[in-house]
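Here are the chains, one letter per residue:
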Amino acid sequence: MDTIRHWAQLGVDAGWLSESFSYSFMVNAVVAAILLGPLLGGLGTLVIAKRLAFFSEAVGHAALTGIALGVLLGEPAENPIIGLFSFCMIFALLLHFVRNRTNVPYDTLVGVFLAFALAVGAALLMYVARKINIHMLENVLFGSILTITDYDLLILAVTCGVILLVLIPTFNRILLTCISPDIAKVRGYATNFYDYLFVMMITLVTIASVKIVGAVLVGALLLIPGATARLLTKNMGSFVLMSALLATISCLIGTILPMELKLPIPSGAAIIIVSTSFFLTATCYRIVRKG
Amino acid sequence: MGPAIRLQNVGLKYGDNVILEDISHYLEAGQCHVIMGPNGGGKTSLLRSILGLTPFTGAIDIQWPEHKGNIGYVPQKATFESSLPFTVMDFILLNQSRNPLFWRKRKKEQDHALAQLDRVGMANRTDRRMGQLSGGEQQRVLFAQSLLDNPDLLVLDEPTTGMDEQGVRYLESLIHELVRENKTILAVHHDVSAVRRLDGQVHVVNRQLVDSGPVSEVLRADKIERLFNHYTGGNVSTLNPAQGVK
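Chains A and B, in that order, are what the protein sequence lines are.
Heads up: the first sequence runs through residues 1 to 291, numbered per our numbering.
Heads up: the second sequence runs through residues 1 to 246, numbered per our numbering.
Quick caveat, the hints were computed from the structure, so don't treat them as lab data.
Owing to the predicted nature of the structure, the values given are computational and were not obtained by experimental measurement.
The reader is advised that the hints may include incorrect statements.
To be verified - Computed beta-carbon distance windows for the label pairs:
#1 B:180 - A:283: 52 to 60 Å
#2 B:214 - A:98: 28 to 36 Å
#3 A:94 - B:161: 34 to 42 Å
#4 B:131 - A:82: 22 to 30 Å
Said to hold, decoys possible - Here are the simulated lysine to aspartate or glutamate pairs, DMTMM-like style, with alpha carbons at most 25 Å apart:
#5 B:77 - A:107
#6 B:105 - B:172
#7 B:68 - B:164
#8 B:68 - B:28
#9 B:13 - A:182
#10 B:223 - B:61
#11 A:290 - B:81
#12 B:77 - A:13
#13 A:234 - B:127
#14 B:68 - B:81
#15 A:234 - B:191
#16 B:77 - B:191
#17 A:185 - A:195
#18 A:185 - B:158
#19 A:234 - B:81
#20 A:234 - B:61
#21 A:50 - A:150
#22 B:105 - B:191
#23 B:68 - A:19
#24 B:77 - B:217
#25 B:77 - B:177
#26 B:223 - A:107
#27 A:185 - B:149
#28 A:290 - B:127
#29 B:68 - B:181
#30 A:185 - B:66
#31 A:262 - A:13
#32 A:185 - B:109
#33 A:234 - B:177
#34 A:185 - B:81
#35 A:50 - B:61
#36 A:185 - B:61
#37 A:50 - B:127
Said to hold, decoys possible - Listing some non-contacts, in silico: residues in chain B with all C-beta distances to chain A over 12 Å:
#38 16
#39 199
#40 214
Heads up, the beta-carbon is just placed ideally off N, CA and C, and yes, glycines get one too.
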């Protein structure tokens, strides 16, 4: 990271980059955006194909409870990674497990789980309120580029690397499992395994995104670039690539623009506003083109 | 060479609802077997049991001649969202390769996919979205998917639903071709005249096995109406006892 920061400083000195890139947190945030964007966009296409948008939203909200739980159990308030990881993973797997064993419609079930996670999170936050300040809560909810450390980047890089390594050889099977589980089973694919694998990937990327995008908005970044790309592309390959590109651009603009314009906007909110503006533009384009 | 299939006391229940009851039968290898029967008679359930897609009681043994071969399956329908940019070629490649759809596509895989689509007359529609195809066209693509691995056992669930005449012709000629290659075909079908053209073995299922034999014996004008009556509790099994289990 020091090398990248050094290059950024050279860029600032040469006048190629703006002054804000001389701050190390800014370089960290841009690196995080570049790591996270393609993955969120790529996974988002599967979230849309599998109709799991509400699920990814629920996992994001569960992050709040995970953080409160971590702090309560003695983890540092700035980085309660064990509480966050454990609670989100148990929440997601349990939700998926119950889904496969009940006739309750999936959106209803996710709604129940989401409300419960938020309620428990709110209750626990009262207990941990003395250990944290209110700004930390704001950072968790809406993301903050100021808080990204080298350690966070390392975790992010490892998480993204692992997810990518798993996703590339399983992408087709995960997609077939959602489009026609019966064909997938006859072909000998372990459909349950691929379902749970995808749930775990969504949960991991959500946890990794909490610092930059925020718990409340991470689900939106899994959804909006994919929804935009769906309007503009004609096949699955370009759908995934376009979604990854849009998510990366949104992350970069949402990270850099508030700093350049000196706007007091959380990074997560800025990223989602940029992403949504792409979606609205694409929607208008489709409406105009179709008449 | 395709496999033979032995069914022994196969039963299936959903709650208190009995779908299949004590079916024992032997389906010869390398032939076209058509399962017929009234709506709700358990045809699709029997097919799904053979494929291991639904839990059942009893035993089903797919007897491969040497080593386990490939199974091709055409479901009754698959749900494709029309707004999803998921093309015919995407669907075929998805079934054929681990190479992710967003990766550079291999020419060999594309050629193989195209060859299968050509066999069902869909080679000129590879760029169309699956969700925007008619039901019959989707069935043709599903059929092309089932041919990808040169299957030894082909299982078709109502394959001609929504298909136009041309599609039905493609399908029938492919089934004849596969039977000539000694593959085993197992199809649920509801169209009596189409089944007559297939000229295979017909097995009528209405909770139990009602009748079984060559088309000319089972689908006789004097029997058809009785065979396709709904199950009325005990009457059906006495209509025409199934042929002996080998």
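Comparing the hints with the structure gives:
{"no.": "1", "hint": "B:180 - A:283: 52 to 60 Å", "result": "holds, 53 Å"}
{"no.": "2", "hint": "B:214 - A:98: 28 to 36 Å", "result": "violated, 50 Å"}
{"no.": "3", "hint": "A:94 - B:161: 34 to 42 Å", "result": "holds, 39 Å"}
{"no.": "4", "hint": "B:131 - A:82: 22 to 30 Å", "result": "violated, 43 Å"}
{"no.": "5", "hint": "B:77 - A:107", "result": "holds, 24 Å"}
{"no.": "6", "hint": "B:105 - B:172", "result": "violated, 32 Å"}
{"no.": "7", "hint": "B:68 - B:164", "result": "violated, 35 Å"}
{"no.": "8", "hint": "B:68 - B:28", "result": "holds, 16 Å"}
{"no.": "9", "hint": "B:13 - A:182", "result": "holds, 20 Å"}
{"no.": "10", "hint": "B:223 - B:61", "result": "violated, 30 Å"}
{"no.": "11", "hint": "A:290 - B:81", "result": "holds, 19 Å"}
{"no.": "12", "hint": "B:77 - A:13", "result": "violated, 63 Å"}
{"no.": "13", "hint": "A:234 - B:127", "result": "holds, 8 Å"}
{"no.": "14", "hint": "B:68 - B:81", "result": "violated, 35 Å"}
{"no.": "15", "hint": "A:234 - B:191", "result": "violated, 37 Å"}
{"no.": "16", "hint": "B:77 - B:191", "result": "holds, 17 Å"}
{"no.": "17", "hint": "A:185 - A:195", "result": "holds, 12 Å"}
{"no.": "18", "hint": "A:185 - B:158", "result": "holds, 19 Å"}
{"no.": "19", "hint": "A:234 - B:81", "result": "holds, 13 Å"}
{"no.": "20", "hint": "A:234 - B:61", "result": "violated, 44 Å"}
{"no.": "21", "hint": "A:50 - A:150", "result": "violated, 34 Å"}
{"no.": "22", "hint": "B:105 - B:191", "result": "violated, 40 Å"}
{"no.": "23", "hint": "B:68 - A:19", "result": "violated, 66 Å"}
{"no.": "24", "hint": "B:77 - B:217", "result": "violated, 31 Å"}
{"no.": "25", "hint": "B:77 - B:177", "result": "holds, 24 Å"}
{"no.": "26", "hint": "B:223 - A:107", "result": "violated, 49 Å"}
{"no.": "27", "hint": "A:185 - B:149", "result": "holds, 15 Å"}
{"no.": "28", "hint": "A:290 - B:127", "result": "holds, 19 Å"}
{"no.": "29", "hint": "B:68 - B:181", "result": "holds, 17 Å"}
{"no.": "30", "hint": "A:185 - B:66", "result": "holds, 23 Å"}
{"no.": "31", "hint": "A:262 - A:13", "result": "holds, 21 Å"}
{"no.": "32", "hint": "A:185 - B:109", "result": "holds, 22 Å"}
{"no.": "33", "hint": "A:234 - B:177", "result": "violated, 35 Å"}
{"no.": "34", "hint": "A:185 - B:81", "result": "holds, 21 Å"}
{"no.": "35", "hint": "A:50 - B:61", "result": "violated, 34 Å"}
{"no.": "36", "hint": "A:185 - B:61", "result": "holds, 18 Å"}
{"no.": "37", "hint": "A:50 - B:127", "result": "holds, 22 Å"}
{"no.": "38", "hint": "16", "result": "holds, 16 Å"}
{"no.": "39", "hint": "199", "result": "holds, 26 Å"}
{"no.": "40", "hint": "214", "result": "holds, 28 Å"}
Checked against the numbered hints listed earlier, the structure breaks hints 2, 4, 6, 7, 10, 12, 14, 15, 20, 21, 22, 23, 24, 26, 33, 35; every other hint is satisfied.
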